[in-house]
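Listed here are the chains, written in short residue letters.
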Amino acid sequence: MSLNRRSFLKTSLAASTALALPMPAFAADVLNVALIVPSPAADVGWSHTLELGTKALEAKYGDKVKVTLLENIAEGPDADRIMNKTAADGTTFLILGSFGYMEGGLKLAKAHPEMSILHASGYKTAENFSPFGARYYQGTYLMGMAAASLTKSKKLGCVGAFAIPELITSINAFTLGAQSVDPSIEVSVVWVNSWFDPASEQQAAKALISQGVDVIFSNAQDTPSVIQTAEEAGVYAFNLNSSMKAYAPTKYLGVVGTDWAPYFLQSVEAHLAGTFAGASAWLSMADKCVFVADWNPDIPADIVAKITEMQAAIESGAFSPFTGPITNQDGAEQVAAGVTLGDDMILSMDWHVKGVTTPLPK
Amino acid sequence: MKITFERRAALSRPVLFAAPVIALSLAMLTSLILFAALGKPAGQALYSLLLEPFVGWYNISEVLLKMGPLMLIAQGLAIGFRANVFNIGAEGQLIIGALCASALPVYFPEGSSPLMLPAMIAMGALGGAAWAGIAAGLRVRFNANEILVTLMLTLIATQVLNYLLLGPWKDPHGFNFPQSVTFPDAALLPILLTGTRVNISLLAALLVSALAYVMMRHRFSGYQLLVGGLAPRAARYAGFTEARAVWVSLLLGGLMAGLAGACEVAGPLGQLQRSVSTGYGYSAIIVAYLGGLNPLGIVVSAFLMAALFIGGDNAMVSADLPVAAVFVFQGLLLVFYLASLTFIRHRVILNWTRRA
Numbered sequence: 000m001s002l003n004r005r006s007f008l009k010t011s012l013a014a015s016t017a018l019a020l021p022m023p024a025f026a027a028d029v030l031n032v033a034l035i036v037p038s039p040a041a042d043v044g045w046s047h048t049l050e051l052g053t054k055a056l057e058a059k060y061g062d063k064v065k066v067t068l069l070e071n072i073a074e075g076p077d078a079d080r081i082m083n084k085t086a087a088d089g090t091t092f093l094i095l096g097s098f099g100y101m102e103g104g105l106k107l108a109k110a111h112p113e114m115s116i117l118h119a120s121g122y123k124t125a126e127n128f129s130p131f132g133a134r135y136y137q138g139t140y141l142m143g144m145a146a147a148s149l150t151k152s153k154k155l156g157c158v159g160a161f162a163i164p165e166l167i168t169s170i171n172a173f174t175l176g177a178q179s180v181d182p183s184i185e186v187s188v189v190w191v192n193s194w195f196d197p198a199s200e201q202q203a204a205k206a207l208i209s210q211g212v213d214v215i216f217s218n219a220q221d222t223p224s225v226i227q228t229a230e231e232a233g234v235y236a237f238n239l240n241s242s243m244k245a246y247a248p249t250k251y252l253g254v255v256g257t258d259w260a261p262y263f264l265q266s267v268e269a270h271l272a273g274t275f276a277g278a279s280a281w282l283s284m285a286d287k288c289v290f291v292a293d294w295n296p297d298i299p300a301d302i303v304a305k306i307t308e309m310q311a312a313i314e315s316g317a318f319s320p321f322t323g324p325i326t327n328q329d330g331a332e333q334v335a336a337g338v339t340l341g342d343d344m345i346l347s348m349d350w351h352v353k354g355v356t357t358p359l360p361k
Numbered sequence: 000m001k002i003t004f005e006r007r008a009a010l011s012r013p014v015l016f017a018a019p020v021i022a023l024s025l026a027m028l029t030s031l032i033l034f035a036a037l038g039k040p041a042g043q044a045l046y047s048l049l050l051e052p053f054v055g056w057y058n059i060s061e062v063l064l065k066m067g068p069l070m071l072i073a074q075g076l077a078i079g080f081r082a083n084v085f086n087i088g089a090e091g092q093l094i095i096g097a098l099c100a101s102a103l104p105v106y107f108p109e110g111s112s113p114l115m116l117p118a119m120i121a122m123g124a125l126g127g128a129a130w131a132g133i134a135a136g137l138r139v140r141f142n143a144n145e146i147l148v149t150l151m152l153t154l155i156a157t158q159v160l161n162y163l164l165l166g167p168w169k170d171p172h173g174f175n176f177p178q179s180v181t182f183p184d185a186a187l188l189p190i191l192l193t194g195t196r197v198n199i200s201l202l203a204a205l206l207v208s209a210l211a212y213v214m215m216r217h218r219f220s221g222y223q224l225l226v227g228g229l230a231p232r233a234a235r236y237a238g239f240t241e242a243r244a245v246w247v248s249l250l251l252g253g254l255m256a257g258l259a260g261a262c263e264v265a266g267p268l269g270q271l272q273r274s275v276s277t278g279y280g281y282s283a284i285i286v287a288y289l290g291g292l293n294p295l296g297i298v299v300s301a302f303l304m305a306a307l308f309i310g311g312d313n314a315m316v317s318a319d320l321p322v323a324a325v326f327v328f329q330g331l332l333l334v335f336y337l338a339s340l341t342f343i344r345h346r347v348i349l350n351w352t353r354r355a
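Chains A and B supply the protein sequences, listed in that same order. Take the first sequence: its letters are residues 0 to 361, numbered as in numbering that gives the first Met the number 0. Take the second sequence: its letters are residues 0 to 355, numbered as in numbering that gives the first Met the number 0.
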C-alpha cells in the first residue's frame, strides 16, 4: 500500500479512535464466527456435532455473535479461497472441521494475526492456530467392555474411515477394553477410506457380519449405514460423535459422543479477551468433551457397574487405557508393564494391539 | 395437440446475444424468490453470486486461477465433441495426469533440478493421453462405446489415486493421512501475477486455445476430423477414416486433461491429495457446450463458469446461503440458457388439428 495523504489520514484516524475508545466498545461489536466442514452437515455425525458446538456460542452470546456454516467444502485450493473470503468478510474466529484444511489454515493464520483459528485433527500449531481433537479412545475402551459382555462368537468388528492415528487408537482401546473382560476376544477391521460413503460402509458391515462378528464399531462414519445394517442383521453396534439410536432401536450398544460446546466457548472467551494462544487441545472426558450415553439395556448389571467404575477412573486420570503391559499385533511387547503411554505416542500411533486380526495398511 | 420445433433459417447476431441475457434475468428472478423464501438476504446473495467475482484484483485473479483447467480441458473435449467422439471421462484423465506428474516429486522430494517441472508436465500430459487412449483403442478395435468406457475409467482412476495415497505414496511424516509430501519448489509452477495464486499454466491454456482455433479454422486436419466423426462413410470415400477421428479426439482430450491435472498439483495444490479435482473434468463438458464448441467461445465460457463457481462460494460465506441453494442457482442459469437458446434457434409450432 502506498502511503498517500488519504490513507495516512484514515490510518491515523482509526488508530486514534482505537486508543480513545474504552475496551467495551469493541465487545459491543458482533463477533463473526465461521465453521468450514468437508461433508454436508447432516442430522448426525461429525459435522453435525461441530455445528452443535457453534450453536452453544449463539446461545451464550446471542446477537453479539454471528455464525456462518460453510458445508461441503472440498479440501484444497477452493477451501483456501473460502477461508480468505471469510477473513475478508470480517470473520475473526474460524473453525476448520477437517485435517485437510491444515496448510491453508496455517497460511491464513500467519496473514491474519487478528484471527483465532481452531483446526480439527491436525498436528501443527501456530500462535493463533490451535489443533483440537477428542480422546475417543477413553470412550471406546468402555464400549469394548460392554461389547465383550454381549458377544457370543467372541469376534468383534470395526468399520473404519481412514487408518489415521485417531482411529487406530480408538480401535486399540476398544480391543483392550474388550480383552479386560474376556482376553480371548478378537477384532477384525475393514477400512472404507471415506468419511461419507453409505454403500461401502454397508458392504463392510455385511462382510464383518458374514464372518461371524456380532458387535460392530462404526468408527468415524458420518452416516448411520453401519448402525442400520447391524440392526437389520440383529447384531449390536455403536458409533462416535452423535447418537444414532433412532436407526437401531433394539441393538444400539451406545454412543461415544463429543460435545464441543465447552471448548468453543472457552476459546471464544479467550479470543474476545485477547488471550487466545495457539496450543494443541486434545479433549477428554474430564474436559466434558467425550462422553458415553444411550447404553443398551441388555448389558449385564455387573458389567454396567464395572464400566461405571472404570469411567470414573478414566475421568479422574487414575487410569489410562494405554497402560502396559501391551503386546502388539506381531506379538512383541509394545508398552512395558506399569508404563503409561504419553500423549505424543498415542497421537502418532501406527500399530495395532494383539487381538486385532487385520493387519494395518502400510 | 402436437408441438414441433422448426429450426429457424437465419439468425441475427443480436438475437443470439439475447440468450444469455434472458437466461440471466430469469435465473435471477427465480433465485430472488427462492432466496427470499429461505429467509436469506437475496440482494446480497445475487451480488456475491454475480458481481463480486469481478470486483477487485484478488477476486478476478481467483477467477483466472479456476478458469485455467476448465479452459484447457474444454478445448480438448470440444475437438472430440465436434467430431462426435464423446469423451465424458476427462475427470479420470485429469487424475491420471496429476498422478503421473506427482511421481517425480514423490520419489525425489528434495529434488531441485530445473528439469523436474518440465518433466512433470510432460508426464502428466502423456499420462492423461494414455488413459484416454485405452478408450480409443477399445472403440476402434471392439467398437466399445467411448462414453461408457471413459466414464468407467474415471472410477478406476479414482481408485488408483486412493491406492497410491493410502499406500506407497503417502507422506511418511503425515501420520497416515491420505496425501503425498508437499512438493519442493522445483516442482511448483512459477507465479504469473505476483500477489495472486495465478501461475503460468494460464498462458499455456490460452496458447492451447489459440492452437485449437487455428486447427479448427485453417487446417485440413480439423476438417478431416469433423467429417470422420460426423459422416464416417463419406470420410472413408474421401480417404480419411473414423478410426483416425477417434484416436485424435481422445488422445488430444486426454492430453489436455492430463496437462490440467499436472498443473493443478504443480500449481495451487502443491501436493497430491484425494480432492485433486473438484469436478473440473465434468464442468469442462458444460464449458465446452456453453462455448458452442468453438475455441474462442470456450475461452469466454470458461471465464464465466469459473466466475459462477467463485460467486457460489462467495454467496455461502457472505449471504449465508446453504450449498444446495448455490447449486440450484447454478443449475437454473444453465437450464434457462439452454432453453432460451432452443427457443431462439427454433420456431415453436403448435398444431391443433387432431389426427384421425
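Hints listed in this document are in silico derivations from the structure and should not be mistaken for laboratory results. Where is the CB? At the ideal position from N, CA and C, for every residue including glycine. Please note that the accuracy of each hint is not assured.
Claimed, not checked - With the C-beta cut set under 10 angstroms, the calculated list includes, among others, these residues of chain B facing chain A:
1. Trp168
2. Gly173
3. Gln178
4. Thr181
5. Tyr212
6. Val213
7. Gln270
8. Val275
As the list claims (entries may be wrong) - List time: in silico BS3-like cross-link candidates among lysine-lysine, alpha-carbon distance up to 25 angstroms:
9. B:Lys39 / A:Lys65
10. B:Lys39 / A:Lys63
11. A:Lys305 / A:Lys154
12. A:Lys106 / A:Lys154
13. B:Lys39 / A:Lys54
What the hints assert, rightly or not - Stretch by stretch, here's where chain B covers chain A in the computed footprint (C-beta under 8 angstroms, at least three residues):
14. 44-57
15. 109-116
16. 169-177
**Request:** Sort out which numbered hints this structure fails and list those numbers smallest first.
**Result:** Structure breaks hints 1, 5, 6, 12, 14, 15, 16.
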